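Protein chains: 2
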Amino acid sequence: MAKQLLGKEVVAALNERIIAKAEALKANGVTPTLGIVRVGENESDLSYERGATKRCEKLGVEYKKYLLPADATQEQVLAVIDEVNKDDSIHGVLLFRPLPKHLNQDEIEQALDPAKDVDCMTNGSMAGVFTGKDLGYPPCTPQACMEILDHYGIDCTGKKAVVVGRSLVVGKPAAMMLIKKNATVTVCHTRTVDMPSVVKEADIVIVAAGRAGVVDDSYVRAGQVIIDVGINVNAEGKLCGDVAYDKVEPIVDAITPVPGGVGSVTTSVLIGHVVDAAEKAAARR
Amino acid sequence: MAKQLLGKEVVAALNERIIAKAEALKANGVTPTLGIVRVGENESDLSYERGATKRCEKLGVEYKKYLLPADATQEQVLAVIDEVNKDDSIHGVLLFRPLPKHLNQDEIEQALDPAKDVDCMTNGSMAGVFTGKDLGYPPCTPQACMEILDHYGIDCTGKKAVVVGRSLVVGKPAAMMLIKKNATVTVCHTRTVDMPSVVKEADIVIVAAGRAGVVDDSYVRAGQVIIDVGINVNAEGKLCGDVAYDKVEPIVDAITPVPGGVGSVTTSVLIGHVVDAAEKAAARR
Numbered sequence: 001m002a003k004q005l006l007g008k009e010v011v012a013a014l015n016e017r018i019i020a021k022a023e024a025l026k027a028n029g030v031t032p033t034l035g036i037v038r039v040g041e042n043e044s045d046l047s048y049e050r051g052a053t054k055r056c057e058k059l060g061v062e063y064k065k066y067l068l069p070a071d072a073t074q075e076q077v078l079a080v081i082d083e084v085n086k087d088d089s090i091h092g093v094l095l096f097r098p099l100p101k102h103l104n105q106d107e108i109e110q111a112l113d114p115a116k117d118v119d120c121m122t123n124g125s126m127a128g129v130f131t132g133k134d135l136g137y138p139p140c141t142p143q144a145c146m147e148i149l150d151h152y153g154i155d156c157t158g159k160k161a162v163v164v165g166r167s168l169v170v171g172k173p174a175a176m177m178l179i180k181k182n183a184t185v186t187v188c189h190t191r192t193v194d195m196p197s198v199v200k201e202a203d204i205v206i207v208a209a210g211r212a213g214v215v216d217d218s219y220v221r222a223g224q225v226i227i228d229v230g231i232n233v234n235a236e237g238k239l240c241g242d243v244a245y246d247k248v249e250p251i252v253d254a255i256t257p258v259p260g261g262v263g264s265v266t267t268s269v270l271i272g273h274v275v276d277a278a279e280k281a282a283a284r285r
Numbered sequence: 001m002a003k004q005l006l007g008k009e010v011v012a013a014l015n016e017r018i019i020a021k022a023e024a025l026k027a028n029g030v031t032p033t034l035g036i037v038r039v040g041e042n043e044s045d046l047s048y049e050r051g052a053t054k055r056c057e058k059l060g061v062e063y064k065k066y067l068l069p070a071d072a073t074q075e076q077v078l079a080v081i082d083e084v085n086k087d088d089s090i091h092g093v094l095l096f097r098p099l100p101k102h103l104n105q106d107e108i109e110q111a112l113d114p115a116k117d118v119d120c121m122t123n124g125s126m127a128g129v130f131t132g133k134d135l136g137y138p139p140c141t142p143q144a145c146m147e148i149l150d151h152y153g154i155d156c157t158g159k160k161a162v163v164v165g166r167s168l169v170v171g172k173p174a175a176m177m178l179i180k181k182n183a184t185v186t187v188c189h190t191r192t193v194d195m196p197s198v199v200k201e202a203d204i205v206i207v208a209a210g211r212a213g214v215v216d217d218s219y220v221r222a223g224q225v226i227i228d229v230g231i232n233v234n235a236e237g238k239l240c241g242d243v244a245y246d247k248v249e250p251i252v253d254a255i256t257p258v259p260g261g262v263g264s265v266t267t268s269v270l271i272g273h274v275v276d277a278a279e280k281a282a283a284r285r
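From first to last, the protein sequence lines stand for chains R and D.
In this text, residue positions in the first sequence follow the UniProt record's numbering: the first is 1, and each later residue adds one.
In this text, residue positions in the second sequence follow the UniProt record's numbering: the first is 1, and each later residue adds one.
The following block holds chain R by itself, in its conformation from the complex (with noise of 0.2 Å):
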């Protein structure tokens, strides 16, 4: 039976410190606020977005909605992010991604001012991940994984670490990450050859595959902590992680469940970038 690294317990530690913070903000005049850009309807989006301004409510988060048709223009969004650029009164922005095809992704994601790109899509943001400088901030998912270890006072110095998946959205920057929290850090992805002889020889192992149940009993052995990021749906239509979960568990010694884990941090940590904006934007004033 391993440990269950559960996403409530800390997300319970992280939202003490972010209402902390964000009241102390307050008492200065300053409310910490999101501003939301979505354009389209897009299920996922909406479903993420209503998880988001949930936890700011309960957090003592204001957001601001800006709303933009599925068929709006490049310059339409581009003047929303101009807009909340210009805005003193919206500290961070979650613009959701993919945006439809017709527009230009990467020129809208260039716009923001990384000073309230709290959820990594600048290339300010980016570097910030790859030099360790304080520019930007990382993305939000790999970010929840480091906070589960810390949380759980899993030392990473030393450790062989795995990162299964190379995306920028999760592999890349968990590896980085890694590595400055001293661990001994690989990256396997499609091409690498024997990849559960690889994974077997981790103490810590991060999967972001992107595909249910990828890392099954042959990529394990016993004294592992096993961090799944993977959420999928599978045929019985129930949410499963890049883990098979239940061949996995009952051989190592730590894992996070799906749904439960990874994924129910990751909102935290996307309102504590908030509340982290907003304070650096009240020192500057």
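Read the hints as simulated data drawn from the structure, not as lab findings.
All values reported here derive from a predicted model rather than from experimental measurement.
Incorrect hints may appear among the rest.
No distinction is drawn between identical chains; accordingly, a pair holds when it is met within one copy or between any pair of copies.
[To be verified] Computed cross-link-like contacts, DSS-like style, restricted to lysine-lysine with a CA-CA straight-line distance of at most 25 Å:
| # | residue 1 | residue 2 |
| --- | --- | --- |
| 1 | K200 | K160 |
| 2 | K26 | K247 |
| 3 | K280 | K238 |
| 4 | K101 | K133 |
| 5 | K26 | K280 |
| 6 | K247 | K58 |
| 7 | K180 | K200 |
| 8 | K8 | K247 |
| 9 | K181 | K160 |
| 10 | K247 | K65 |
| 11 | K160 | K180 |
Knowing the structure of chain R, use the given hints to seat chain D on it.
Chain D in isolation, oriented as in the chain R frame:
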């Protein structure tokens, strides 16, 4: 007896391509030009500068020196950066670093136009290395390692690669470049436990530890390719790498010597970036 991966062979092939491009540009009325910004008279800066200007002359690339005294002010250095940014006849800039301690190096680095950042000092170039987007230029040393692998036809796909060192100048960018080449990449560093066994697992090893002879025969096995980035001076006053060459060379399949390996390729990579920047500038006219 390992195959020697010789910088001069890689340089000869690179130079041929650079000369052809530079000639085509000049026939088109554009003379690719490197701006060299030096503060003070540091001996290792002067030595690198001699190598760079000699290589420029050989490859048909112009250079222009901007020399400042060791006690130059922040404003003076920034004024020079502003001057090269505005000068359309300068396509790339080499700024010797570290700058004297009284200067704010980061502010100066970030002031350079990313389009002229041929030595990867801006956050824009860093983001490019991390994201794989066409932003700025990667650092010359890890790119020189990749040029060596390419020149000798060493395919990285599916291979295990280990990078020893996690610096921003070599280790981390080398890891990103190897991931892009489809290797399964592990980054080791001073906090890695049992580094010999980790390095022994690799098919390709890039050593950028920054200490003479760190990697000895206990780290290697038959079949490996070893790229030695180190440049150190040993007790006898001779140049040597981070790999104990005499102990390692008889065991592995291929190895770069020091001197005569990576270091000699770096300068041509830099000049290649200048020519590339000149091509892009010409295309924008």
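Hint by hint, here is what the structure shows:
Taking identical chains as interchangeable, the C-alpha atoms of K200 and K160 lie at most 25 Å apart whether they share a chain (10 Å) or sit on different chains (15 Å). In this homomeric assembly, K26 and K247 never come within 25 Å of each other (Cα to Cα): the closest approach is 48 Å inside a single copy and 65 Å across copies. Taking the shortest Cα distances, K280 and K238 never come within 25 Å of each other, neither inside one copy (41 Å) nor across copies (51 Å). Only between protomers do K101 and K133 lie at most 25 Å apart by alpha-carbon distance; the minimum there is 19 Å, versus 33 Å within a single protomer.
In this homomeric assembly, K26 and K280 come within 25 Å of each other (Cα to Cα) only inside a single copy, at 14 Å, whereas the closest approach across copies is 49 Å. Proximity of K247 and K58 under a CA criterion of 25 Å is satisfied in neither setting, with 36 Å inside one chain copy and 63 Å between copies. Taking the shortest alpha-carbon separations for K180 and K200, both the intra-copy value of 22 Å and the inter-copy value of 23 Å come in at or below 25 Å. For the homomeric pair K8 and K247, the shortest alpha-carbon distance inside one copy (23 Å) is at most 25 Å, but the shortest distance between copies (54 Å) is not.
Both within a single protomer and between protomers do K181 and K160 lie at most 25 Å apart by alpha-carbon distance, with minima of 11 Å and 22 Å respectively. When the C-alpha separation of K247 and K65 is checked against a cutoff of 25 Å, the pair qualifies neither within a copy, at 43 Å, nor between copies, at 65 Å. In the homo-oligomer, the alpha carbons of K160 and K180 lie at most 25 Å apart both inside one protomer (13 Å) and across protomers (22 Å), since each shortest distance falls under that limit.
Consistency note: the structure conflicts with the earlier hints numbered 2, 3, 6, 10.
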